[in-house]
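Peer 1: Protein sequence lines correspond, in order, to chains A and B.
Position one of the first sequence corresponds to residue 673 (this note's numbering), numbered consecutively onward.
Position one of the second sequence corresponds to residue 403 (this note's numbering), numbered consecutively onward.
Note that these hints are calculated values from the structure, not bench results.
Idealized CB from N, CA, C, for every residue including glycine.
Some clues are possibly wrong.
Below, simulated DSBU-like cross-link-like pairs (lysine-lysine); rule was C-alpha separation at most 35 Å, straight line [said to hold, decoys possible]:
#, chain 1, residue 1, chain 2, residue 2
1, A, LYS729, A, LYS745
2, A, LYS687, B, LYS443
3, B, LYS468, A, LYS681
4, A, LYS745, B, LYS443
Derived Cβ-Cβ restraints for the label pairs, each shown as a range [stated by the list, open to error]:
#, chain 1, residue 1, chain 2, residue 2, range
5, A, LYS729, B, PRO488, 36 to 42 Å
6, B, PRO488, A, SER702, 42 to 48 Å
7, B, ASP429, A, ILE723, 19 to 25 Å
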Amino acid sequence: AQRVTQPEKLLSVFKGAPVELKCNYSYSGSPELFWYVQYSRQRLQLLLRHISRESIKGFTADLNKGETSFHLKKPFAQEEDSAMYYCALLSVGGYNKLIFGAGTRLAVHP
Amino acid sequence: GAVVSQHPSWVICKSGTSVKIECRSLDFQATTMFWYRQFPKQSLMLMATSNEGSKATYEQGVEKDKFLINHASLTLSTLTVTSAHPEDSSFYICSARAQRGVSYNEQFFGPGTRLTVL
Chain A
673 AQRVTQPEKL LSVFKGAPVE LKCNYSYSGS PELFWYVQYS RQRLQLLLRH
723 ISRESIKGFT ADLNKGETSF HLKKPFAQEE DSAMYYCALL SVGGYNKLIF
773 GAGTRLAVHP
Chain B
403 GAVVSQHPSW VICKSGTSVK IECRSLDFQA TTMFWYRQFP KQSLMLMATS
453 NEGSKATYEQ GVEKDKFLIN HASLTLSTLT VTSAHPEDSS FYICSARAQR
503 GVSYNEQFFG PGTRLTVL
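Could you put the whole structure together from the sequences, leaning on the hints where they help?
Peer 2: Following this line, the structure appears as structure tokens:
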């Protein structure tokens, strides 16, 4: 079964602390994974995708096929990073739909 | 680029009436659009995949006669909630999938429509 698991509903850190939002997936084949972010009262937007291997707003995510993980990391959290973060897996075949995790709310305190 | 709009942004209706929500890709063509439902503090639940010129593909448990989807052009998909009831109150979000280029397979999301059924 294709599935995305984000085990933490809430991650609360202080400004300047490192952040790691966990994402594990279940998929047979070569996965394509994304991180989407939803700031308060704003639409969902793409943060990064593993195939582009970019660092966006200081965030990085590495695909670990052995651990079936795609954790999102940032060395120094900022208050403006507070948002909902969703990990998503592309379900190839048919119409290439996204399978979303439950989401993790990141709260960065001053 | 790659902007998706939804209209209306919020709607209040009486129980038993039908409500139509529009999703437009403003600066790109999308043969495939997706409709999601999001409950407060929860993730997005995919309802259906909207395909230009053909019937929508519904996820298991979603009533196709209740949630009518029409994708009449490459830039417009509509979701009609028929005979709405209070339990249909939710936040409905659409997305459009990029067909080509560096954004291939990326979904661009609309701002959402909040439906409240009285």
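Peer 1: Between LYS468/B and LYS681/A, does the CA-CA distance stay at or below 35 Å?
Peer 2: holds (31 Å)
Peer 1: Does the alpha-carbon distance linking LYS687/A and LYS443/B stay inside the 35 Å limit?
Peer 2: Status holds; Cα separation ~23 Å.
Peer 1: Take the C-alpha atoms of LYS745/A and LYS443/B, compute the straight-line distance between them, and say whether it is at most 35 Å.
Peer 2: holds (22 Å)
Peer 1: What's the verdict on LYS729/A and LYS745/A, does the C-alpha distance respect the 35 Å limit or exceed it?
Peer 2: holds (11 Å)
Peer 1: Is 19 to 25 Å right for how far apart the beta carbons of ASP429/B and ILE723/A are?
Peer 2: holds (23 Å)
Peer 1: Falls inside 42 to 48 Å, the C-beta gap from PRO488/B to SER702/A?
Peer 2: holds (44 Å)
Peer 1: Lying within 36 to 42 Å: is that true of the beta-carbon distance LYS729/A to PRO488/B?
Peer 2: Since the Cβ atoms of LYS729/A and PRO488/B sit about 39 Å apart, the hinted range of 36 to 42 Å holds.
Violated hints for the displayed structure: none, as all numbered hints are satisfied.
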